[in-house]
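The task is simple: from the sequences and hints, build the whole structure.
If you read the protein sequences in the order shown, they are chains R and F.
When the first sequence is numbered by my numbering, its final residue is 117 and no position is left out of the sequence of numbers.
When the second sequence is numbered by my numbering, its final residue is 237 and no position is left out of the sequence of numbers.
Each hint should be verified, as a subset may be incorrect.
A partial selection of chain R residues facing chain F, derived with a Cβ cut-off under 10 Å [what the hints assert, rightly or not]:
#, residue
1, Q37
2, F42
3, K44
4, E58
5, S110
6, G111
Listing some non-contacts, in silico: residues in chain F with all C-beta distances to chain R over 12 Å [claimed, not checked]:
#, residue
7, S129
8, V130
9, V131
10, E134
11, Q174
12, E176
13, I177
14, Y181
15, S190
16, S191
17, V201
18, A234
These aren't lab readings, by the way, just hints derived from the structure by calculation.
Owing to the predicted nature of the structure, the values given are computational and were not obtained by experimental measurement.
Think of the CB as a built atom: it goes at the ideal place given N, C-alpha and C, for glycine as much as any other residue.
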Amino acid sequence: DTAVSQTPKYLVTQMGNDKSIKCEQNLGHDTMYWYKQDSKKFLKIMFSYNNKELIINETVPNRFSPKSPDKAHLNLHINSLELGDSAVYFCASSPGTGLDLTNEKLFFGSGTQLSVL
Amino acid sequence: AQKVTQAQTEISVVEKEDVTLDCVYETRDTTYYLFWYKQPPSGELVFLIRRNSFDEQNEISGRYSWNFQKSTSSFNFTITASQVVDSAVYFCALSEPARDYGGATNKLIFGTGTLLAVQP
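Structure below.
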């Protein structure tokens with residue numbers, strides 16, 4: 001069973017479209033994250049949620065809206081896609097609360113490669 | 118200033134060579150965690166090790182070993198007798214209290230990665 005699964009794996013779309021990436025974890029973790037990896041492989045946190053509550057929001061355009069219907073899911077919706085949004089998006093989860101360093105090992109999904117044309 | 122610096126962008130070695138990947142970090146906190154992740158060509162991120170700031174013992178796991186030196190703020194990763202399957206991008210990362218959130222949460226900050234190519 002995949003611990004952190006995200007769909008789709010590949011997403012090709014036109015500029016201006018709205019798209020969503022789904023993420024689910026079956027590890028029982030309390031905290032979930034979205035990371036963006038750009039073309040130079042640089043990984044940066046976008047959001048973190050703990051028990052459906054937004055904790056970290058990192059200067060991400062408000063075209064990006066995460067939604068956490070329950071603590072096992074954290075979906076990422078992107079409006080009005082732009083060329084610069086092309087990247088690999090990783091979902092992750094951790095057993096900690098996001099507040100306790102002792103439990104902050106992240107488990108990553110396999111990534112969603114978004115290409116905006 | 119970069120929090121996690123991996124100065125080696127790319128390293129190429131021949132199979133069976135030993136290789137060390139460097140990682141230098143910067144933090145004002147006394148409590149923090151350091152990580153190494155591997156990203157093979159298939160793209161997923163694989164956890165390798167986590168080390169807390171109070172444990173400076175070196176660690177060995179099979180062909181992998183890690184050298185944590187607080188005095189130089191470094192957490193280097195050595196692969197002994199490298200194999201083609203070790204070819205990947207390796208990321209060093211630092212988890213510390215996020216001061217821009219009042220320290221109420223932690224952030225995992227990644228280095229820019231080192232691409233290791235192991236030639237047969």
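Going through the hints against the structure:
no.: 1; hint: Q37; result: 9 Å, holds
no.: 2; hint: F42; result: 6 Å, holds
no.: 3; hint: K44; result: 7 Å, holds
no.: 4; hint: E58; result: 8 Å, holds
no.: 5; hint: S110; result: 5 Å, holds
no.: 6; hint: G111; result: 5 Å, holds
no.: 7; hint: S129; result: 17 Å, holds
no.: 8; hint: V130; result: 19 Å, holds
no.: 9; hint: V131; result: 24 Å, holds
no.: 10; hint: E134; result: 23 Å, holds
no.: 11; hint: Q174; result: 17 Å, holds
no.: 12; hint: E176; result: 15 Å, holds
no.: 13; hint: I177; result: 19 Å, holds
no.: 14; hint: Y181; result: 17 Å, holds
no.: 15; hint: S190; result: 17 Å, holds
no.: 16; hint: S191; result: 20 Å, holds
no.: 17; hint: V201; result: 20 Å, holds
no.: 18; hint: A234; result: 14 Å, holds
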